[in-house]
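These protein sequence lines are chains P and G, in that order.
Quick note on our numbering: the first sequence kicks off at 171 and runs consecutively.
Quick note on our numbering: the second sequence kicks off at 308 and runs consecutively.
No lab work stands behind these hints, which were simulated from the structure alone.
We put the beta carbon where it would ideally sit given N, CA and C, even for glycine.
There's no promise every hint is true.
Stated by the list, open to error - Partial list, computed: chain G residues near chain P (C-beta under 7 Å):
1) MET308
2) ASP309
3) ASN330
4) ALA331
5) ILE513
6) PRO516
7) ALA596
8) ALA607
9) SER614
10) GLN616
11) MET628
12) ILE688
13) GLY689
14) ARG691
15) LEU695
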Amino acid sequence: MDARLTEEHERVQETAREFIESEGGIDLARRQIDGENVIDDLWDELADLDYTAITVPLEYDGFGEGMVYLAALLETAGRYALPGPLPETAAVAVPLIRDLGTEEQRSRFLPAVADGDLRMSVAVYDDETEPLPGSIQMGVERRGDEETTEFRLEGTKTLVPYAAETDVVIVAARTRESQGYEGVSLFAIETDHDAVEATRMDSLDWARPMYELSIDGLTVGEDALLGPLHGGGSALVTAMDRFSVAGTAMLVGAADRAVELSAEYGNEREQYGHPIGRFQAVKHRTADMWVDMQSARSLVYYAAWALDEDEPDAARAAAATKSFAADRLHRVFGDDIWNHGGMGFTWDHDAHIYLKQAKSWRNFLGSPEANRDRLIDSRLAAERKR
Amino acid sequence: MDFSYTDEQDAFRRELRAWLEENAPDGWLEDPELPDDDAERVEFLRDWQRTLADDGWAGVHWPEEYGGRGASLIEQAIYREEMARINAPPQINLIGINLIAPTLIEVGTEEQKRRFLPSIRSAEEIWCQGYSEPEAGSDVASLSTSAEPNGDGEWIINGQKIWTSYAHVADWCFLVARTDDSGKKHEGLTVFLVEMDQDEISTEPIHQPHDDRTFNQVYFDDAVASEDLVVGEIDQGWDVVMTLSAFEHGSTSIYTIEQRYLDLLEYCRTETRNGTPLIERDRVRQQLADFDARIQAAKATHLRNVSEQMETGTPGPEGSMDLLVSDELRNDLLNFAVNLQGPAAALWENGHNAFDETSGYIRSYGAWIAAGTGDIQRNIIGERVLGLPKDIKSETSHRSE
Ligand SMILES: Cc1cc2nc3c(=O)[nH]c(=O)nc-3n(C[C@H](O)[C@H](O)[C@H](O)COP(=O)(O)OP(=O)(O)OC[C@H]3O[C@@H](n4cnc5c(N)ncnc54)[C@H](O)[C@@H]3O)c2cc1C
């Protein structure tokens, strides 16, 4: 047992930090927010640093690392609210292809991802207001004879992160009349088909674009089907757990930075003849922010490790991570605004960038309430076995 | 990063578990119940401590040469977890074992270690910690109990301590007193090991909100300690005070809280209201799940803290986080458990409910204060971890330094 990051993880964080800062740090997010697309250039550099290859298996030119390594990197990315579909690609799509893909699919996608030539995202929602898993409908028609099987996809997915900035989107579709995650199939769909169109939505977090993806009668072959027909549901659940942990890792990095900003300001800003950090209302609020950030970080580390090790409580740990972080880190960013007074409530201050990211993350991939339901169900199931 | 236990750590757990199966007090595993009568309870707990000590399961974290097992911090976490799992009787000499002995091991003389450590382990001698005074709690350096040399190799102690846990049963007191008041507040303090069985010392129990009398006022009226009972240097007791405080902040009660949580879960599964199990209510489920997430976080945080400490060697300010998190969790959890009793929450003991937590709930407010209040822990985090400016008044407070 050594529940800390290894020296190698820390080295990765350090290099990532130096790199992102040399590129402008959180200014990258600001530029993205201002309407520039920083993702293409950034992605090439991330690929040069091999970050895109982290979770790709060794035999496909990657590093074969898991969620722990990735979470360490994403924590640093989160400090700067770094734009780009790294969580979607490295935490969601790559492991799905690794686990479900045919040899042909793996060799088609994985080396290209490792090289930085292919970015991926994932499309689960059909309706912005529906909680998962109710909304993975999409018209899919199967046709074919013994020789060939084809699928015709028809419908619209919504809330697809970075759809226009990615080459392939993994689309979850219900291929059989069913409930929940039953009867769900996953398709790897290239975004440059004529029948596929991505329309930008007005996302709360402008650094992280969301799209509507309409698929208008697209016919694909079996080589687009990822995993068993009707049987992609359980892999999708795990993929979303990875996504939850990856996204939360980014928020933890952001929260770490927010605490740092509050502490710096507490030493700098003076009122009534004292640095404000001497006032306990401020000091104690900042201490509480730190405790919440560390608690969320502990949950991320444990869940990432449990996912990598296939521990029996991995899903429960991911649910705990998402539900805890969604509520509490959101408060950390709000408190950072508060600690900075009027200064905190400006576009120039970073706190709002983090706050928006956290808020849009709250209900994405399951609200805290839904995650708490999952958590208690799995706890009850485990306890019965005790 | 690796949250898994090594073979050695697993073996430690198995060995302890097997030992507990064999040696837990009669009937304890089926029905953990302490004797009601005060004197009987003390005897029961001393017996239990002796049983632990005889087989090397007391003070497991002490070095082997002093009767411990040299257990690593991870093994100590396992120890706490396993003790919580069987709801083990509380260790009557916890202050001696967890705070005073490690401090003596670090800064005591060889003679003091040989003299005191064995009887601490076996609870043959019970210890109390004499820091707080009526006018000095959080700001312990402002204490006024005095010690003066009498010229015959002895120190004469006068003053009053308060909220001293277990002083009524203690044989020895780890006492801090002022030996020089000419300088700054935290200079001129000295730590003494004081035998409680003297006519010059009297204790008076204080009635606590949960109807216990486990802490006390202690009066010193020309009490005596010989000079070989000084810990560390004369007038340099502040360092010793700090050493003990670090140990005080460096342990966790998260495993017993987790056990209470599991009990509550079981209760909610079986207890019905209007024919429906509590666990089927949305609000109950949501709240229990939130506790679950907080407990998972606290455990992983503790393991991260001890992993760090295994390298640095000394307990750092991170212990204040363990303390804050678990004190708040305990109170929230027990508050929720009491609320679930329905109107019966108005009763002190409601025998018709399996989960009867009223007194534990009241007691949990004490934990919030005991090892330095939550405010003091937040000062420690703010100042020592985050580098915020020092509190005006806390520059000399023992719990904040
Ligand atoms: C169950 C229990 C067991 C105990 N056992 C022992 C024992 O065995 N030995 C022993 O020596 N003592 C013991 N104590 C005493 C305990 O250590 C003190 O009560 C504690 O340190 C607080 O001191 P105080 O009671 O004087 O409160 P005060 O210091 O007077 O505090 C009163 C309030 O003011 C706040 N406050 C004080 N200073 C600051 C500051 N600088 N910044 C912000 N807020 C501040 C506190 O947080 C608190 O809310 C025990 C207490 C309890 C409740």
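Structure-based check of each hint:
The beta carbon of MET308(G) is positioned within 7 Å of a beta carbon in chain P (closest approach about 5 Å), and the interface hint is therefore held. About 5 Å separates the beta-carbon of ASP309(G) from the nearest beta-carbon of chain P, less than 7 Å, and the hint is met. At about 22 Å, the closest approach between the beta carbon of ASN330(G) and any beta carbon in chain P exceeds 7 Å, and the interface hint on this residue is violated. For ALA331(G), the shortest C-beta to C-beta distance to chain P is roughly 18 Å, which exceeds 7 Å, and the interface hint is violated.
Taken as an interface hint, ILE513(G) does not check out: its beta carbon lies about 28 Å from the nearest beta carbon of chain P, beyond 7 Å. Given the 7 Å rule on beta carbons, the hint for PRO516(G) is violated: about 25 Å separates it from the nearest Cβ of chain P. Interface restraint check: ALA596(G) against chain P, minimum CB-CB distance 3 Å, threshold 7 Å, status holds. Restraint check, ALA607(G) versus chain P: the minimum CB separation of about 4 Å is within 7 Å; hint holds.
For SER614(G), the suggested interface contact is upheld, since its CB lies about 4 Å from the closest CB of chain P, less than 7 Å. Hint status for GLN616(G) relative to chain P: violated, with the closest Cβ pair at about 11 Å, above 7 Å. Of the supplied interface hints, the one on MET628(G) holds, with its beta-carbon coming within about 5 Å of a beta-carbon of chain P, less than 7 Å. Evaluation of the ILE688(G) hint against chain P yields a held restraint, the C-beta minimum of about 4 Å falling below 7 Å.
A hinted interface residue such as GLY689(G) counts as satisfied when its beta carbon comes closer than 7 Å to some beta carbon of chain P; here the least separation is about 4 Å, so the hint holds. The closest approach between the C-beta of ARG691(G) and any C-beta of chain P is roughly 10 Å, which is over the 7 Å cut-off, so the hint fails. Given the 7 Å rule on beta carbons, the hint for LEU695(G) holds: about 4 Å separates it from the nearest Cβ of chain P.
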